[in-house]
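Novice: Protein chains in written order, with the numbering used here: chain A, 1 to 281; chain B, 1001 to 1309.
One or more hints might be untrue.
[As the list claims (entries may be wrong)] Quick list of simulated restraints, FRET-style, between CB atoms:
{"id": "1", "chain 1": "A", "residue 1": "F128", "chain 2": "B", "residue 2": "E1253", "range": "57 to 67 Å"}
{"id": "2", "chain 1": "A", "residue 1": "L215", "chain 2": "B", "residue 2": "D1067", "range": "36 to 46 Å"}
{"id": "3", "chain 1": "B", "residue 1": "S1019", "chain 2": "A", "residue 2": "D280", "range": "44 to 54 Å"}
{"id": "4", "chain 1": "B", "residue 1": "A1105", "chain 2": "A", "residue 2": "T29", "range": "44 to 54 Å"}
Read the hints as simulated data drawn from the structure, not as lab findings. The beta-carbon is built from N, C-alpha and C at its ideal position, and this holds for glycine as well.
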Amino acid sequence: MSTATMTPQTGPTRSVSGNRTPSSSGVSTVGVIASEWIKLRSLRSSWLTLAAAVIGMVGIGWLVSFETNSHWSHMQPDERIGFDPVSRSLTGVYLAQLAIGVLGVLVITGEYATGMIRATLSAVPRRFPVLWAKLGVFASVTLLLMLVSSFAAFLVGQQLLGSHGTTLSAPHALRAVIGVALYLTVVGVLAIGLGFIIRSTAGGIAALFGLLLVLPAIGHVLPTSWQQHILPYLPSNAGGALYTLKPDPGTLAPWTGFGVMCLWALAAVVAAAVLLRRRDA
Amino acid sequence: MIEARSLTKRYGDKVAVDSLTFTVRPGIVTGFLGPNGAGKSTTMRMILGLDRPTSGSVTVNGKPYVDQAAPLHEAGGLLEARAVHTSRSAYNHLRALAATHRIPARRVDEVIDLVGLREVARKRAGGFSLGMGQRLGIASALLGDPATVILDEPVNGLDPEGIRWVRDLLKGLAAEGRTIFVSSHLMSEMALTAEHVIVVGRGRLIADMSVADLIRSASTNLVLVRTPDAAQLRSLLGGPDVTVSSSEQDVLEVSGLTPAQVGGIARDAGLVLHELRTQQASLEEAFMDMTRDSVEFQTVSTQRDEVAA
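All chains, please: the whole structure from these sequences, using the hints.
Specialist: This is the structure:
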């Protein structure tokens, strides 16, 4: 009796030991992914934040490229030498990472804040599938959306830069454009990891941007000899190497830097998994 | 079927649930009674795998809930605190939960109709009243058509009609052969709904008996005596199993003696009686009696209440 398979049915009669054919098989990976997709798309805040990321990416690229072109004649010679049309059109990444980061944190802390997490973990008591599904769904949505936005920002930007612009076939241009989308995706993964660890929206957002924005700024106060051993390895500096075509000295090689950023995200996800399994909901 | 064996939960050095052993059987409604902070919610969270026991174990339909392949079909739970994202509609909330087990959308519509939320199903759950929130919680609990249903204070915030609806629903679900475990701090409500009760206080098991037995034990001969010589009479009433309490200056409540015996003792001592009758203790009083120690403890240690609430 106790091990009988229970299946949904609508009739008024059922017995605990019933042998009906199951119309629903239990928790499946596909099911949990579908569940997380429904959760993400059924909140208006998701759409607003994703729209902010797209607008940030393309809009800022558009604005900055337009401004650069119209002020070209006023630019100093050294400014012109250091000018990189690819990075200029992708300036929006700084704004987009705010939106992606905030949404990544909210995807999980929103559940802790409202108590939804108890329903989620009652349905999936093994817990890990929830973490993987949230990561998978959010990373896929971010990658897809930001790839499109990054290409759009590049193409719009080069159009507006006119004769100062370049094309996708320029050296490393394609790497930078795809790199921006990859960078933002890893920002999203890091955000979800921190959200699972910290559980509170304010705390999660503070930790994420402390790591991405504040630490690099603080790092510049350190003695120079320390800076070169620390700054390049901070997640935003390391990941930024992938889309920066004229890097500062000491910056890691593009894919090395991106690898270092992925390690940060991996560390956050591993800590998130351990704590998710260990803590009470 | 729920089986708890020496189930224990400690938060630091506070014991929220203290070595609980009980079995909740299918086919009947089992009430889970205790004052606030007695460890009811913590116990229910452990049953559903949300809290990890410090020691001991609890199984649902023969297996720990966490190890079930299809948890929503084994047990559905409504926990005291709301478990709904406030910005999501009731419909999407249920769709998201249903998706994990690939439960069809048809079943989501069914449970929405069952709890009477059709009109507001597409509205934000954050705007729901307490009663509507409870109904949504019950819909979530029944989504997987589970063999075991666990409800923490389901009638909280419901109007009389809603309370009656829950009562009938629970009895109906039990009649279908399901295991129904429902907590409350109101004995009177449980007396109407449950066939069996498990009473806890301070995290410990106080009673595990049928409601019929409880009523029988609650109505054992309590004799009420009103006399101006209460103190004098009190000193004369003694013997094995005899207890005397006093709620007013000239009133004694005596258990363990019949009215005839009390009257006889009073006459032998030449004491005047103004009133002598048997008094039936209500279920609520029986419950208060059982849990008095834990209630008294509660007012001393408020910290525990916060932890276990």
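Novice: Now tell me, hint by hint, if it's right for this structure.
Specialist: Hint check results:
Evaluation of the 57 to 67 Å hint for F128(A) and E1253(B) yields a pass: the beta carbon distance comes to about 58 Å. About 42 Å separates the C-beta atoms of L215(A) and D1067(B), a value consistent with the hinted range of 36 to 46 Å. A hinted range of 44 to 54 Å is violated for the C-beta pair S1019(B) and D280(A), which are about 19 Å apart. Hint check: A1105(B) to T29(A), Cβ distance near 20 Å, so the stated range 44 to 54 Å is violated.
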